[in-house]
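**Q** Produce the complete structure using the sequences and hints provided.
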Amino acid sequence: MVTFIPTRPGPLADVPSFSRAIGGAESNVACAMAALGHSARWVSRVGADSFGECVLAGIAGYGVDVSTVQRDPSRPTGVYFRTAADRGTGAHEVAYYRAGSAASAMSAANVDMKAVRECRVLHLSGITAALSQECRELLWRLTAPDTGRPLISFDVNYRPALWRGTDAARPLLELARRADIVFVGEDEAEEVWGVTGGPEAIRGVLPEPGVLVVKQGASGATALYRTTGGPAVGPAHRVHEPTAPVNAVAHRTFEPAPTVTAVSPTGAGDSFAAGYLSATLRGLPLRQRLRHGHLLAAATLTTPTDLAPPPTRAHADHLAALDDAAWGRLRLAPGWTQAARAPEEANTP
13 MVTFIPTRPG PLADVPSFSR AIGGAESNVA CAMAALGHSA RWVSRVGADS
63 FGECVLAGIA GYGVDVSTVQ RDPSRPTGVY FRTAADRGTG AHEVAYYRAG
113 SAASAMSAAN VDMKAVRECR VLHLSGITAA LSQECRELLW RLTAPDTGRP
163 LISFDVNYRP ALWRGTDAAR PLLELARRAD IVFVGEDEAE EVWGVTGGPE
213 AIRGVLPEPG VLVVKQGASG ATALYRTTGG PAVGPAHRVH EPTAPVNAVA
263 HRTFEPAPTV TAVSPTGAGD SFAAGYLSAT LRGLPLRQRL RHGHLLAAAT
313 LTTPTDLAPP PTRAHADHLA ALDDAAWGRL RLAPGWTQAA RAPEEANTP
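Start counting the sequence shown at 13; every next residue gets the next number (this note's numbering).
Source of the hints: derived by calculation from the structure; they are not laboratory data. Everything numeric in this text was worked out from a predicted model, so none of it was measured. One thing to keep in mind: the hints can contain errors.
[What the hints assert, rightly or not] In silico SDA-like pairs for lysine to any residue, Cα to Cα no more than 20 Å straight-line:
{"hint": "1", "residue 1": "Lys-126", "residue 2": "Thr-155"}
{"hint": "2", "residue 1": "Lys-126", "residue 2": "Asp-77"}
{"hint": "3", "residue 1": "Lys-126", "residue 2": "Ala-173"}
{"hint": "4", "residue 1": "Lys-126", "residue 2": "Gln-82"}
{"hint": "5", "residue 1": "Lys-126", "residue 2": "Val-91"}
{"hint": "6", "residue 1": "Lys-126", "residue 2": "Ser-79"}
{"hint": "7", "residue 1": "Lys-126", "residue 2": "Tyr-92"}
{"hint": "8", "residue 1": "Lys-126", "residue 2": "Pro-157"}
{"hint": "9", "residue 1": "Lys-126", "residue 2": "Glu-146"}
{"hint": "10", "residue 1": "Lys-126", "residue 2": "Val-106"}
{"hint": "11", "residue 1": "Lys-126", "residue 2": "Arg-171"}
{"hint": "12", "residue 1": "Lys-126", "residue 2": "Cys-147"}
{"hint": "13", "residue 1": "Lys-126", "residue 2": "Ala-213"}
{"hint": "14", "residue 1": "Lys-126", "residue 2": "Tyr-108"}
{"hint": "15", "residue 1": "Lys-126", "residue 2": "Arg-161"}
{"hint": "16", "residue 1": "Lys-126", "residue 2": "Ala-156"}
{"hint": "17", "residue 1": "Lys-126", "residue 2": "Ser-56"}
{"hint": "18", "residue 1": "Lys-126", "residue 2": "Pro-162"}
{"hint": "19", "residue 1": "Lys-126", "residue 2": "Thr-80"}
{"hint": "20", "residue 1": "Lys-126", "residue 2": "Gly-177"}
{"hint": "21", "residue 1": "Lys-126", "residue 2": "Arg-148"}
{"hint": "22", "residue 1": "Lys-126", "residue 2": "Arg-53"}
**A** This is the structure in structure tokens:
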């Protein structure tokens, strides 16, 4: 989508002007992955209009392959407006204009399925599922059990405004159950499925995925995973973590988030997914995967836009390798990704 970001805080009715950017859950992840040095492809549809050209140019500017994105001459590119306020406050507003958009018409008949499947990791989102029945059917087909399919990553990304008049609970649950890695916020699991009681309760309704990552806001994130023996996370050459059998041993890893001086939360969940998936592709231990997720989320939290320049790989690796005490002392403020001082001391009050 094209995103319009207010030039000052306040209700949309009171904001006199906006700056233009690009946004979208899957494209955010693709851009972040490319910025982290991975090969990334974004497969979608945009309108044959100026906003579509803006989206393609912006995403391609990150080094993402957009060669299979189709231009729809009869449907527009989606746009949305948002306030600068935190999603957790009553002042936050999001206005979506996506009904009848080019992306909402995606289906297995008009999407390059070969291009979608030619990857090591296929990242999908519940936002796409919300756009139309055709989109839900496309995701259902992409998540179908198949020995040759790539690792399926699914971010629940529940957005009530996109599901008005449509039941979200069942399709999001069914899609999540077919994935290998699932990202879900503790708060959104309660909102969409009515699940309370923390990560273990969420695991109770999502027992199938090999890895379930529950984001717990500023406190951190918990990964629940299963293994039948040996290392819980495969060695560097193994990316695919197949769904474990029902008699697998269950494991739980919690990793606290560093203290962050947040500017805007929008896009932080997408950045978390990108950091986690990048570390997965690199074969890093699960704890490091969670920390890289936190660091990428912190990069976005400390900027006003949906995407932010990530820290260098060396900088992120250094931070992710800190001992628990040093990690707990981290204070990440705007500009931290460019800090040249010792990372554990940078931006510390």
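**Q** Work down the list of hints and note, for each, if the structure agrees.
**A** Hint check:
no. : hint              : result
1   : Lys-126 - Thr-155 : holds (14 Å)
2   : Lys-126 - Asp-77  : holds (14 Å)
3   : Lys-126 - Ala-173 : violated (32 Å)
4   : Lys-126 - Gln-82  : holds (14 Å)
5   : Lys-126 - Val-91  : violated (28 Å)
6   : Lys-126 - Ser-79  : holds (13 Å)
7   : Lys-126 - Tyr-92  : violated (30 Å)
8   : Lys-126 - Pro-157 : holds (16 Å)
9   : Lys-126 - Glu-146 : holds (18 Å)
10  : Lys-126 - Val-106 : violated (34 Å)
11  : Lys-126 - Arg-171 : violated (29 Å)
12  : Lys-126 - Cys-147 : holds (17 Å)
13  : Lys-126 - Ala-213 : violated (37 Å)
14  : Lys-126 - Tyr-108 : violated (30 Å)
15  : Lys-126 - Arg-161 : holds (11 Å)
16  : Lys-126 - Ala-156 : holds (15 Å)
17  : Lys-126 - Ser-56  : holds (13 Å)
18  : Lys-126 - Pro-162 : holds (12 Å)
19  : Lys-126 - Thr-80  : holds (10 Å)
20  : Lys-126 - Gly-177 : violated (33 Å)
21  : Lys-126 - Arg-148 : holds (18 Å)
22  : Lys-126 - Arg-53  : holds (12 Å)
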